[in-house]
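Q: Line order of the protein sequences matches chains V and P.
The first sequence begins at 1 in the working numbering and counts up one residue at a time.
The second sequence begins at 1 in the working numbering and counts up one residue at a time.
These aren't lab readings, by the way, just hints derived from the structure by calculation.
Since we're looking at a predicted model, the values are computed, not measured.
Do not rely on the hints blindly, as some may be mistaken.
[To be verified] Straight line, CA to CA, 27 Å or less: simulated DSSO-like cross-link-like pairs of lysine-lysine: (1) V:LYS355 <-> V:LYS675; (2) V:LYS675 <-> V:LYS648; (3) V:LYS345 <-> P:LYS10; (4) V:LYS237 <-> P:LYS68; (5) V:LYS326 <-> P:LYS63; (6) V:LYS82 <-> P:LYS158; (7) P:LYS22 <-> V:LYS282; (8) P:LYS10 <-> V:LYS906; (9) V:LYS316 <-> P:LYS10; (10) V:LYS285 <-> P:LYS63; (11) P:LYS10 <-> V:LYS907; (12) V:LYS285 <-> P:LYS10; (13) P:LYS22 <-> V:LYS285; (14) P:LYS63 <-> V:LYS237.
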Amino acid sequence: METNYVTVTINNQQYFAEEGKTVVQILNENKIEHPQICYVPEVDPIQTCDTCIVSIDGKLARSCSTVAKEGMVIDLQAPAAKEARTEAMDRILENHLLYCTVCDNNNGNCKLHNTAEMMEIAHQEYPYTPKVTPVDVDMTHPFYRYDANQCIACGQCVEVCQSLQVNETLSIDWEAERPRVIWDAGVSINESSCVGCGQCVTICPCNALMEKSMLGEAGFMTGLEEDILTPMIDLIKTVEPDYTTIFAVSEVEAAMREERTKKTKTVCTFCGVGCSFEVWTKDRKILKVQPSHDAPVNAISTCVKGKFGWDFVNSKERLTTPLIRKNGEFVEASWDEALDLVASKLGSIKQEYGKGSVGFISSSKITNEENYVIQKMARQVFETNDVDNCSRYCQAPATDGLFRTVGMGGDAGTIKDIAKAGLVIIVGANPAEGHPVLATRVKRAHKLHGQKLIVSDLRKNEMAERSDLFVRPKQGTDQVWLMAVTKYMIDQGWHDADFITENVNFFEDYSKSLEKYTLEYAEKVTGISQATIINIAEMVRDADGTCILWGMGVTQNTGGSDTSAAISNLLLATGNYRRPGAGAYPLRGHNNVQGACDMGSLPGWLPGYQHITDDAARAKFEKAYGVTIDSKPGLDNIQMLKSIDEGKMKAMFLAGEDMALVDSNANHVHDVLSKLDFFVVQDIFLSRTAQYADVVLPAAPSLEKDGTFTNTERRVQRLYQVLPTLGDSKPDWWIVQEIANRLGAGWNYSHPSDIYDEMASLSPLFSGANYDVLEGWNSFLWGSNEGVSTPLLYVDGFNFPDKKARFAIADWVLPAQFEDQYDLYINNGRMLEHFHEGNMTNKSEGIQRKVPEIFVEVSPELADERGISTGSVIRLVSPYGALKLPVLVTDRVSGNELFLPMNSTKKDSAINFLTGPAVDHRTHTPAYKQTKVRMEVIQSKRRRISTSC
Amino acid sequence: MAEPISFIRKNIPTEEEIHQQKLDELKTLLTDNEDSLNKIMGIVGELNSMGVLEAAEKMILAKEEITKIALGQVTREPVTNLMNTVMGATGALMAADPEKTTTLVKSTVAGIESGSDFLKTDKQIRIRDLMKVMKDPDINRSLGFGIHFLKGMGQELKNQDK
Numbered sequence: 001m002e003t004n005y006v007t008v009t010i011n012n013q014q015y016f017a018e019e020g021k022t023v024v025q026i027l028n029e030n031k032i033e034h035p036q037i038c039y040v041p042e043v044d045p046i047q048t049c050d051t052c053i054v055s056i057d058g059k060l061a062r063s064c065s066t067v068a069k070e071g072m073v074i075d076l077q078a079p080a081a082k083e084a085r086t087e088a089m090d091r092i093l094e095n096h097l098l099y100c101t102v103c104d105n106n107n108g109n110c111k112l113h114n115t116a117e118m119m120e121i122a123h124q125e126y127p128y129t130p131k132v133t134p135v136d137v138d139m140t141h142p143f144y145r146y147d148a149n150q151c152i153a154c155g156q157c158v159e160v161c162q163s164l165q166v167n168e169t170l171s172i173d174w175e176a177e178r179p180r181v182i183w184d185a186g187v188s189i190n191e192s193s194c195v196g197c198g199q200c201v202t203i204c205p206c207n208a209l210m211e212k213s214m215l216g217e218a219g220f221m222t223g224l225e226e227d228i229l230t231p232m233i234d235l236i237k238t239v240e241p242d243y244t245t246i247f248a249v250s251e252v253e254a255a256m257r258e259e260r261t262k263k264t265k266t267v268c269t270f271c272g273v274g275c276s277f278e279v280w281t282k283d284r285k286i287l288k289v290q291p292s293h294d295a296p297v298n299a300i301s302t303c304v305k306g307k308f309g310w311d312f313v314n315s316k317e318r319l320t321t322p323l324i325r326k327n328g329e330f331v332e333a334s335w336d337e338a339l340d341l342v343a344s345k346l347g348s349i350k351q352e353y354g355k356g357s358v359g360f361i362s363s364s365k366i367t368n369e370e371n372y373v374i375q376k377m378a379r380q381v382f383e384t385n386d387v388d389n390c391s392r393y394c395q396a397p398a399t400d401g402l403f404r405t406v407g408m409g410g411d412a413g414t415i416k417d418i419a420k421a422g423l424v425i426i427v428g429a430n431p432a433e434g435h436p437v438l439a440t441r442v443k444r445a446h447k448l449h450g451q452k453l454i455v456s457d458l459r460k461n462e463m464a465e466r467s468d469l470f471v472r473p474k475q476g477t478d479q480v481w482l483m484a485v486t487k488y489m490i491d492q493g494w495h496d497a498d499f500i501t502e503n504v505n506f507f508e509d510y511s512k513s514l515e516k517y518t519l520e521y522a523e524k525v526t527g528i529s530q531a532t533i534i535n536i537a538e539m540v541r542d543a544d545g546t547c548i549l550w551g552m553g554v555t556q557n558t559g560g561s562d563t564s565a566a567i568s569n570l571l572l573a574t575g576n577y578r579r580p581g582a583g584a585y586p587l588r589g590h591n592n593v594q595g596a597c598d599m600g601s602l603p604g605w606l607p608g609y610q611h612i613t614d615d616a617a618r619a620k621f622e623k624a625y626g627v628t629i630d631s632k633p634g635l636d637n638i639q640m641l642k643s644i645d646e647g648k649m650k651a652m653f654l655a656g657e658d659m660a661l662v663d664s665n666a667n668h669v670h671d672v673l674s675k676l677d678f679f680v681v682q683d684i685f686l687s688r689t690a691q692y693a694d695v696v697l698p699a700a701p702s703l704e705k706d707g708t709f710t711n712t713e714r715r716v717q718r719l720y721q722v723l724p725t726l727g728d729s730k731p732d733w734w735i736v737q738e739i740a741n742r743l744g745a746g747w748n749y750s751h752p753s754d755i756y757d758e759m760a761s762l763s764p765l766f767s768g769a770n771y772d773v774l775e776g777w778n779s780f781l782w783g784s785n786e787g788v789s790t791p792l793l794y795v796d797g798f799n800f801p802d803k804k805a806r807f808a809i810a811d812w813v814l815p816a817q818f819e820d821q822y823d824l825y826i827n828n829g830r831m832l833e834h835f836h837e838g839n840m841t842n843k844s845e846g847i848q849r850k851v852p853e854i855f856v857e858v859s860p861e862l863a864d865e866r867g868i869s870t871g872s873v874i875r876l877v878s879p880y881g882a883l884k885l886p887v888l889v890t891d892r893v894s895g896n897e898l899f900l901p902m903n904s905t906k907k908d909s910a911i912n913f914l915t916g917p918a919v920d921h922r923t924h925t926p927a928y929k930q931t932k933v934r935m936e937v938i939q940s941k942r943r944r945i946s947t948s949c
Numbered sequence: 001m002a003e004p005i006s007f008i009r010k011n012i013p014t015e016e017e018i019h020q021q022k023l024d025e026l027k028t029l030l031t032d033n034e035d036s037l038n039k040i041m042g043i044v045g046e047l048n049s050m051g052v053l054e055a056a057e058k059m060i061l062a063k064e065e066i067t068k069i070a071l072g073q074v075t076r077e078p079v080t081n082l083m084n085t086v087m088g089a090t091g092a093l094m095a096a097d098p099e100k101t102t103t104l105v106k107s108t109v110a111g112i113e114s115g116s117d118f119l120k121t122d123k124q125i126r127i128r129d130l131m132k133v134m135k136d137p138d139i140n141r142s143l144g145f146g147i148h149f150l151k152g153m154g155q156e157l158k159n160q161d162k
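Please build the complete structure, drawing on both the sequences and the hints.
A: Written as structure tokens, this is what we have:
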């Protein structure tokens with residue numbers, strides 16, 4: 001699209017600007033200092049503060065909401081404009097007590113302080129008067145507070161809550177004599193619908209909304225007792241010095257804080273969205289997480305975990321020293337002792353039993369560099385392709401579906417494309433809880449920009465409630481309605497015939513494969529009415545770009561790969577690739593599930609998606625590693641467990657995954673792990689899996705190391721070491737190098753950048769990036785075989801030799817079958833507050849306060865039928881195990897479908913003590929979602945259940 | 001069968017080991033910084049002999065009480081009035097033209113000297129004398145200054161009232 005420019009005059013100087021930009025944007029782009037307290041780039045102009053007023057062609061106007069026009073004459077210094085701005089600031093200061101030096105927000109970035117100083121405000125016209133009694137500060141929420149007496153009612157917090165986070169909790173009570181922010185209808189923060197995303201706190205231009213972790217900690221004098229602090233503030237106010245004096249003193253104090261407070265950029269570890277932000281620390285104390293407008297994915301957005309859920313790094317339960325199993329207990333050991341033992345045992349097992357006797361499981365939580373060295377250790381030192389990662393449990397089917405159809409296993413575009421789409425279809429995913437910041441972009445586009453939303457899910461989650469069309473197909477039947485929609489569109493001639501001719505192979509064969517998927521058949525199999533299927537087809541037809549987002553509601557099924565391919569087929573048939581605002585978007589669950597796969601921690605792929613059967617690629621790695629690499633794909637997680645069970649695989653090295661809890665059929669996994677001759681686990685906690693180990697090596701979490709993560713958009717971002725490692729714990733890459741070198745590898749990596757450079761030199765996809773390219777907030781999106789950063793995939797054709805995509809042909813497979821006694825489906829998934837099985841977030845006191853216990857959701861009709869209510873206790877029994885759980889009755893679930901959050905590490909409530917052995921038939925990802933149980937009522941009487949839901 | 005283990009036998013150092021470890025760390029610190037430490041010890045010795053250390057120690061111990069007392073004193077109205085007066089006067093002086101202020105101060109000093117000389121003479125001033133001295137250019141200049149001083153002051157007072 002062509003960009004037009006306008007010429008404007010600012011303070012007698014000419015500037016060129018893109019058409020459509022506001023005056024304040026032009027000022028900021030040209031680094032012209034100008035007040036703008038309520039301006040937030042991420043949302044529409046709020047227009048409450050009036051500190052940005054300028055003279056435009058002789059008239060006063062707000063620079064934040066005035067779009068620049070050709071020939072505009074803008075005068076910042078016009079006396080009337082200056083007077084208006086001063087009046088605006090005077091009115092603001094009527095609501096805010098300036099006690100900067102003893103304020104925890106005086107850290108050099110207080111917008112109110114800086115603006116008042118910039119405007120050279122010496123005195124205020126209207127004296128400050130409190131709105132409420134000084135004790136009326138809302139401290140109820142575990143993570144942040146609101147002080148109405150410091151609030152300038154600028155509305156930024158309200159705007160981000162309403163239009164960016166789109167949680168719609170905060171508003172300003174304009175009816176009040178002194179307007180102030182309220183939560184819902186005026187309840188306390190903790191009783192409100194607040195999801196704790198913290199965006200209001202981040203954007204607050206003063207100290208009205210503050211992280212509790214900052215209070216009394218950020219400043220040198222802010223920890224003073226109230227009976228000293230208050231008289232000091234009173235003294236300053238009574239004496240009424242010129243504000244320039246107050247500012248000067250507070251500037252000195254802020255400069256001292258700058259020396260003490262360490263601010264380090266990191267990338268979040270709680271999901272695949274890839275939010276980045278600074279972490280402010282004082283020694284090992286985390287003062288706060290501070291997002292930045294510069295962050296490429298999230299800007300100022302966060303979720304409750306990313307903003308507040310980092311306590312686990314300082315947990316007393318952290319492993320801080322190597323452990324060796326001796327006589328039925330773990331005994332602390334030195335690194336040398338532990339590493340020597342690991343090297344000698346793994347080495348001797350390989351020597352005695354040969355290749356395939358040692359398996360490797362890498363992690364989607366650790367860095368790219370760490371994944372790379374783990375696969376390298378497997379392939380170079382142990383000469384095996386038996387290496388896999390946690391994506392086997394979640395995203396492998398999505399990757400498979402994309403490889404078969406479009407040739408690359410990644411999201412077609414970026415989150416900006418999702419926001420831009422005319423229609424978003426979410427299938428079997430709950431991004432409002434699993435990918436919260438990504439979900440906000442959909443919620444915003446849907447609320448403000450006319451985007452349409454279709455949700456297909458068993459459970460009425462938040463996105464379903466917001467959708468234009470919510471469908472509840474029968475469990476495991478998404479592929480059928482997707483194929484029926486595609487067939488109907490082709491039958492109606494609504495497909496994009498030109499796109500298909502130019503870009504896609506096998507259309508005729510594919511069309512034939514759809515014959516069976518009539519509206520009648522789809523209605524019968526899925527339970528979705530024919531009219532609804534037609535409605536979906538019409539919405540796809542009418543949309544200016546369709547993005548389909550999917551998650552484990554699709555992938556964790558016996559037909560997960562084929563359903564993923566069906567999604568991609570629908571997009572190909574309708575021309576929804578190779579253009580902005582369209583395409584396929586599997587939502588990667590863990591922070592680095594994408595990167596773990598990219599780095600070759602897979603049995604069939606070398607780093608950079610070079611297949612193990614590709615002779616040229618293998619030869620390149622063989623030369624670099626100095627060994628012969630087997631051309632046959634190795635074993636995946638599931639196959640490795642089978643091999644252990646059969647006595648073939650004798651030892652296993654596992655990093656950062658709680659396999660004993662997250663693999664399906666946990667009782668079986670217990671039996672298998674117990675059979676290992678030697679088991680090494682690297683983790684930050686003594687996880688359930690680590691409890692089976694012979695040697696446990698204490699690893700460092702993301703905040704304690706350098707490296708890179710790759711998010712769901714294929715975006716590679718650097719994380720910097722925020723804290724020193726705790727105790728004797730070490731980064732995973734260091735540990736792996738030590739083991740490899742004890743077995744003669746001769747590696748010499750001194751920093752993760754050395755590892756990245758080696759990986760990039762062998763992987764064309766990554767060849768255009770290095771740690772300099774990725775410096776600071778910069779990022780790189782893989783997607784070009786020439787190593788060019790590629791936000792939108794397939795612009796130059798699909799990733800096949802003829803540049804054409806391929807329709808994947810696959811019939812729907814019947815879900816796993818159960819005996820009639822197992823009459824209830826048990827679904828599982830994430831809660832907003834917790835990450836995965838909960839090993840990290842269950843160490844956060846605040847999160848535990850919000851969601852202290854697990855529960856199973858039961859539909860009102862099923863509750864009636866079984867005579868239970870919220871708080872009843874039931875036992876759920878599957879063919880593979882049983883759980884005992886308190887009940888929460890909710891219409892989020894319907895009929896005979898149950899939902900169990902997956903964040904439990906306890907044997908009586910963790911979902912995988914119910915799940916079974918069924919797997920996706922192509923990738924072996926467990927069909928966790930295809931689990932049926934019977935219910936036994938233990939206690940029908942109500943008991944109190946603590947949950948924020 | 002490797003059964004899961006959740007018990008960790010920690011190497012908890014004995015009191016003696018902790019003591020020894022700290023002593024070793026201290027020894028290293030002393031050896032590495034011998035010169036600096038000697039100087040610091042000398043200064044500390046002097047301060048101690050002067051009684052400064054003891055006073056500082058007690059002040060630190062009583063810091064909260066002392067702060068409260070100090071705050072109690074400085075927040076009394078006469079003190080805050082004084083602060084405001086001093087700050088106001090300082091502000092006014094800061095706003096004045098230094099050259100004019102210097103001239104005015106010099107003139108005032110000269111006037112005081114001249115007035116003092118007159119007091120030594122025991123002479124009396126009569127109405128006729130006043131009429132006569134009006135013609136003296138020096139006295140006329142001072143009178144003009146005084147009259148216009150009163151006018152300026154009156155205007156500012158009127159502005160403040162508004």
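Q: Take the hints in turn and mark each one as holding or not.
A: The hints, checked one at a time:
no.: 1; hint: V:LYS355 <-> V:LYS675; verdict: holds (19 Å)
no.: 2; hint: V:LYS675 <-> V:LYS648; verdict: holds (11 Å)
no.: 3; hint: V:LYS345 <-> P:LYS10; verdict: holds (24 Å)
no.: 4; hint: V:LYS237 <-> P:LYS68; verdict: holds (17 Å)
no.: 5; hint: V:LYS326 <-> P:LYS63; verdict: violated (54 Å)
no.: 6; hint: V:LYS82 <-> P:LYS158; verdict: holds (26 Å)
no.: 7; hint: P:LYS22 <-> V:LYS282; verdict: holds (25 Å)
no.: 8; hint: P:LYS10 <-> V:LYS906; verdict: holds (24 Å)
no.: 9; hint: V:LYS316 <-> P:LYS10; verdict: holds (13 Å)
no.: 10; hint: V:LYS285 <-> P:LYS63; verdict: holds (26 Å)
no.: 11; hint: P:LYS10 <-> V:LYS907; verdict: holds (26 Å)
no.: 12; hint: V:LYS285 <-> P:LYS10; verdict: holds (25 Å)
no.: 13; hint: P:LYS22 <-> V:LYS285; verdict: holds (24 Å)
no.: 14; hint: P:LYS63 <-> V:LYS237; verdict: holds (23 Å)
Figure legend: structure checked against the earlier numbered hints; the only hint not met is number 5.
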